[in-house]
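Here is what each chain is made of, one letter per residue.
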Amino acid sequence: MASIPLMGIFKGMATTLKHLGRPKDTYEYPEVKRGVAERWRGRIALRLDRCIGCSMCAQACPNGSCTMTDFEHNPDANKKGTYPQVEVAKCIYCGFCEEVCPVECIHVTREYELARYQRGALYSPVMLDKTENQIRAEEPEMGDP
Amino acid sequence: MQEQVKVAARGTTWTLEGEGRERFMDLNMGPQHPSTHGVLRLKLHLNGEVVERCEPVLGYLHRAKEKIAEKGQWIKFMPITDRMDYIAGIYNNWGYARAMEELHEIEVPERAEYLRVVSGELQRLASHYLFLGTFGLDLGMITPFFYSFGDREKVLGLIEELTGARLTITYFRFGGVKWDAPEGWFDRVESTVDELEAHHKEMWDLLVENDILNMRLRGVGVMTEEEAVSLGCTGPVLRATGKEYDIRKDDPYGVYPRMRFDVPTETTGDCYGRFMVRIREMKESFKIIRQALREMPDGPIIAKGFDGSKIIRTKPPNKESYGRVETPKGELGFWLVSDNSMKPYRVKARGHSFSNLHCLPLLVEGSTIADTVVSLASLDIVLGDIDR
Amino acid sequence: MGDLEEKSAAEKDVEEPGRAPGAIWTSTAKEKEDPKAKEWPFPAMHYMPAYTDDVDPLKEAFGNDIVSDGDLSGKPVVYIHPDRALDVLSHAKKTLGFEHLSFVSCCDYPKEGILEMHWQLYSYSTGRHLVVKAHLDRDGAKRVASVTPLWTGANWHEREAWDLFGVRFDGHPDLKRIFLPDGWRGHPLLKDYDETEQFIGMDERGEDVVYDTPGPGRW
Amino acid sequence: MTFIDQLHSFLGDVAAQFGLPEMPLIVTKLVWWLVASVLLFTVALTIGGLFTWVFRRLFAFFGLRKGPNRVGPEGMLQFLADGIKLLTKEDLLPSKADKWTYRLAPYVVVVPFVLAWAPLPWSDVIIFSNLAYGVVFILAVSALPPLGELMAAWGSNNKYSMYGGIRAAALDFSYEIPLVISAASIVLLVGGLDTQGAVMAQQGYWFGFIPKWFVFPQIIGAFIFFVSLLAKTGIIPTDLGESESELISGLTTEYSGMRFGFFFVAMFSGIFFLSALTVTFFFGGWTGPGFLPPLVWFLLKTFGLVFLVFWIWVTLPRFRVDQFLNYAWKTLFPLSILNLVIAVALKVWGVY
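Residue numbers (the working numbering), protein chains in the order written: chain H, 1 to 145; chain V, 1 to 388; chain R, 1 to 219; chain X, 1 to 352.
No lab work stands behind these hints: they were computed from the structure.
Glycine included, C-beta positions come from ideal geometry on N, C-alpha and C.
Hints are not guaranteed to be accurate.
Said to hold, decoys possible - The calculated label-pair distances, taken between Cβ atoms and stated as ranges, are:
id: 1; chain 1: X; residue 1: Leu34; chain 2: H; residue 2: Pro30; range: 45 to 51 angstroms
id: 2; chain 1: X; residue 1: Phe303; chain 2: H; residue 2: Glu87; range: 52 to 58 angstroms
id: 3; chain 1: X; residue 1: Leu300; chain 2: H; residue 2: Phe10; range: 22 to 28 angstroms
id: 4; chain 1: X; residue 1: Tyr107; chain 2: H; residue 2: Tyr27; range: 38 to 44 angstroms
id: 5; chain 1: V; residue 1: Glu295; chain 2: H; residue 2: Glu138; range: 36 to 42 angstroms
id: 6; chain 1: V; residue 1: Gly366; chain 2: X; residue 2: Leu188; range: 28 to 34 angstroms
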């Protein structure tokens, strides 16, 4: 307990006054964006040409947001013709799919602005190969209206 | 004999009992209330502003995590544990990993243990910063919230650099950790810790000696050591009653036997004691981080056979284990039962907040609504851990 | 308040009062002289054999009620007869000093037809663990004595076990569901739980009602 | 010739130019009252609104943030945008609310705070109404808001509102007494009940440099007045009626739209008004060295005090209700009596 009454209050008020002129912690979001770390686990993406269709990513996915779908793209690499598709709205960004992928095909990107007006967003293998901006430009119903 | 008179204030029914001298009112604090830190509902039976009876009602955030755990492979529960105590995710990972390592008898490399200590103590700082901010907010102090969140942001930035996420971290693997530290990370941790320590001094000035804060906290929500032990309270809630019990010291894990730090205790057992234990614990965390950075050895970061795509193939023997860690809020333990298959047979999480919250009726009965809020805040509960 | 911080640092550096004999960690003063004294990995950390010191007195006191004992990854386990649960745990707490009850829970084994009760104890003074287990007939009444007279904190753990496993605790002050709403059908953590969805609504008086379908306006 | 007579003859001249018959005096009076009250309300509410912006910016700077800075220069018009938003929001009425008390309550809270501005001296000439009993008028009118708070509490049919309203009313009643007694000692020293006279009495200097402000002989009174100010405006160390961490939003829980806005504006215009009143009573009002006009001096002093209020707001935690009521009755009330005794002694010794 403070020995002198009100001393603690004055000390506290001095502390807040000291902070008055300090540089601000916040920044104005839509104009100034916060950079994310190198290892940031953002939206999942796919290097389509490399996928061998081993379905490890689908096996490692904790909540079934990553599943395999039939799709013809590169029969030389992927003889089974199955590629992962991701329910991006359901993804919990654990990064297990990237960790288990043997050919560094499925990976997490640093894209984190994934707000939608819709609830579900199932990304086909082709969409996973693109960046978020490309998807928004090509399929406006997925992105902002 | 109790004569009950009903006074209808247009729908609000007040019951007058005992010859109209005492008025009782039932008040639902929550499930959505600014001070319940989540979706907790307190059924308060009030006499004026004095709480006669308090009954916490749980389950508004129940997500059946223990059932979810039985559905997937062992490692698939790791990201789910992040969502339990979502403001100290690393410790949930750690508890689960520790239980698994005891179950499967995995040797964790030394460097991994040091990385665990550094990231874990950073997480403890983040959790205590959140506590300081929201505790001030519950007392009506708005500005400390921004200061402590500014500092927490720096800590989370470091955790983000190390693990790639800020809240749902999923950094630990069975037998080690996912990432080694990035280039220059240890230097940044060191400089950030220096900066945080200077800020911690300011927070101390702002909060600890404040007369109104002392008036609000001293003698409020008092609990004795026997009561706390009987209630199963752990962490700062127990240490505030004078019991020097810290799993890091008394049942150590990882490299904690090597770490030199004190276990801060208070003897009052009131809200001020719990607050002081936490704010002093932060200084110990600075110490531990510095020591761990000094002693950081080289070597592998994950045990052989548990890295890469092998993480989903873990198949522990037909055994049981109980592994627990000291989180910022108390004892978090995982009881695992394995039937020698790829999936857990049973996972039970012993939540710190679940046991700590149980003492709330003891603390608040007989005090006012304002003290109820302070007592609840001083327990530093997180509903994700209570309801699981 | 500056004196408090200094005190903690200065006081503790001198000498830590003697720790409990069972605890691995002994004192800060010793650590400081030779921080790397312990070789990696610490031999006593994991997989150490269970202490039998605590099991033997229990066996002496409750000869026939101790069915068997075992090892839970380094923690001693005693299997007891469910009817004597309160006596054994009372003995463990009051005589052997296991003051801390970490949790009370269950595990379901439908093939063997048992429901295994699990009490996880810890002693502050000796730093040892003790696990007490009892097998209930999972198709029977599933009754066991409540340990709330010994540990107040067991209250919610037992409510949780009732909620998720359907174990009835005799002598529990307020045994009702804790997580799931009143009126929920079944106990979800049993292995044979019917997983068809149930939906929670609210009637006009604010009570929980369980529906089979998420009809319009119900939630 | 009073201002009303001048206005009457001016209006008569204007009417004569258009060939209209001369109006009776009462019409002029009515016109003036209307214009003056509209002016008063506009000034009071605009200052209240503007202060929400000032507060939010300051609050943000204290908390290492930027604050509202988008609408207008430096976000200065934010309060207008907020006002428009509040006006266009749905005005919700709880289904079991007491309709009339619920609807009337915001006005009962906001109108007294605005009315009390009337006898406030902004400078030697700027005063809305130089009442001979200005101090009594101010104290009487500013004692009304507890009624509105109780109405809001009862009308909302919400338990949290009820607690908030009762707390706020109890607080206002308790702090009314030290406030009035410390004001009474000022009245005693001034020897009159008009506010302009209180300012005049503080002109001049002791020893040539210490201004003759009442804060020096009446330091206890100034402290009591300031604490009562905090209590009456209901800001954070004392915002027991609202106490958002305990009572959600207290008595304004059920309010939405402009009705909520009225409570908000009443609070901020109350902060400005009560700071201005403290300046008038204890810090020499608009007096000051001649290089600045009196109005500027008045505003500077008031802003200084408002800054102090905001500073306290952002720093301190909230009292518990019983602690703060005890403080009123057991500490401030005896102190205010002591202060009154000091004032009497000063008067008897002929200092004033």
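For each hint, the structure was consulted:
Taken as a hint, the range 45 to 51 angstroms holds for the pair Leu34(X) and Pro30(H), whose Cβ atoms sit roughly 46 angstroms apart. A beta carbon spacing of about 56 angstroms between Phe303(X) and Glu87(H) agrees with the range 52 to 58 angstroms that was offered as a hint. Checked against the hint of 22 to 28 angstroms, the C-beta distance between Leu300(X) and Phe10(H) comes to roughly 24 angstroms, which is consistent with it. A hinted range of 38 to 44 angstroms holds for the C-beta pair Tyr107(X) and Tyr27(H), which are about 41 angstroms apart.
A beta carbon spacing of about 53 angstroms between Glu295(V) and Glu138(H) contradicts the range 36 to 42 angstroms that was offered as a hint. Restraint check, Gly366(V) to Leu188(X): a C-beta distance of roughly 45 angstroms breaks the suggested window 28 to 34 angstroms.
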